[in-house]
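K.L.:
Using the hints provided, position chain A relative to the given structure of chain E.
Next come the chains, spelled out residue by residue.
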Amino acid sequence: KQEVTQIPAALSVPEGENLVLNCSFTDSAIYNLQWFRQDPGKGLTSLLLIQSSQREQTSGRLNASLDKSSGRSTLYIAASQPGDSATYLCAVPMNSNSGYALNFGKGTSLLVTP
Amino acid sequence: GAVVSQHPSWVICKSGTSVKIECRSLDFQATTMFWYRQFPKKSLMLMATSNEGSKATYEQGVEKDKFLINHASLTLSTLTVTSAHPEDSSFYICSARVSGTYYEQYFGPGTRLTVT
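Protein sequences, first through last, are from chains E and A. Here the first sequence stands for residues 1 to 114, numbered as in the working numbering. Here the second sequence stands for residues 1 to 116, numbered as in the working numbering.
With the rest of the complex left out, here is chain E:
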């Protein structure tokens, strides 16, 4: 069964720092990997989706990389801002038996202090 792990569980950084969030998965046969942001008590906001054939995706200050062979993905946030404070989740699709529902990691809780 696919296991998705995120490290660290929590992270606190001062404003302006660059930071890296890590995601690992046990089964490298994934179709894609997706990063989400979740604010407290809210739903999910999709940040980046990397197809299995891609190595990275960029959106603004966010850059996500994917290394299928090693079962790893990183989310790089440049010049962090207090508004970036949230929980970041990575997810990979399950198999067809579950209709390709998403299997989520436990998330990294990020706090960016002014």
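For the record, the hints were derived by calculation from the structure and aren't laboratory data.
Listed next, the in silico PhoX-like pairs over lysine-lysine satisfying Cα-Cα at most 25 Å (straight line):
id: 1; chain 1: E; residue 1: Lys68; chain 2: E; residue 2: Lys1
id: 2; chain 1: E; residue 1: Lys106; chain 2: E; residue 2: Lys68
id: 3; chain 1: A; residue 1: Lys20; chain 2: A; residue 2: Lys64
id: 4; chain 1: A; residue 1: Lys66; chain 2: A; residue 2: Lys42
id: 5; chain 1: E; residue 1: Lys106; chain 2: E; residue 2: Lys42
id: 6; chain 1: A; residue 1: Lys20; chain 2: A; residue 2: Lys55
id: 7; chain 1: A; residue 1: Lys66; chain 2: A; residue 2: Lys20
id: 8; chain 1: E; residue 1: Lys42; chain 2: A; residue 2: Lys14
id: 9; chain 1: A; residue 1: Lys64; chain 2: A; residue 2: Lys42
id: 10; chain 1: A; residue 1: Lys14; chain 2: A; residue 2: Lys64
id: 11; chain 1: E; residue 1: Lys42; chain 2: A; residue 2: Lys41
id: 12; chain 1: E; residue 1: Lys106; chain 2: A; residue 2: Lys41
id: 13; chain 1: A; residue 1: Lys66; chain 2: A; residue 2: Lys41
id: 14; chain 1: A; residue 1: Lys41; chain 2: E; residue 2: Lys1
id: 15; chain 1: A; residue 1: Lys64; chain 2: E; residue 2: Lys1
id: 16; chain 1: A; residue 1: Lys55; chain 2: A; residue 2: Lys66
id: 17; chain 1: E; residue 1: Lys42; chain 2: A; residue 2: Lys42
id: 18; chain 1: E; residue 1: Lys42; chain 2: A; residue 2: Lys20
id: 19; chain 1: E; residue 1: Lys106; chain 2: E; residue 2: Lys1
id: 20; chain 1: E; residue 1: Lys106; chain 2: A; residue 2: Lys42
id: 21; chain 1: A; residue 1: Lys42; chain 2: E; residue 2: Lys1
id: 22; chain 1: A; residue 1: Lys20; chain 2: A; residue 2: Lys42
id: 23; chain 1: A; residue 1: Lys14; chain 2: A; residue 2: Lys41
Because the structure is a prediction, the values reported are computed rather than measured.
P.N.:
Just chain A, lined up with the frame of chain E:
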């Protein structure tokens, strides 16, 4: 585009009552919808996969008689928590997959259920 709504956004009910949560795809058709559950400070766990016009597929450990799922149209799936108990209090999030695609999903804003 690709907006998913949930109603209600929050609900408080008494033990023993039933609660219905709606998940709608507003601007696309969704043959498949998913229901997830999230406990405080925990990640999302898949409860069931809902396919339009057929029975839902439940994950292991999820009671299908307690969590009734109906996907009656290509834009609406409902989750009914029957005879709710305090341990059913949780954040329920649905997502919808665009018909004809395999992996692109869009998430609703979630429903906070509190059972007293």
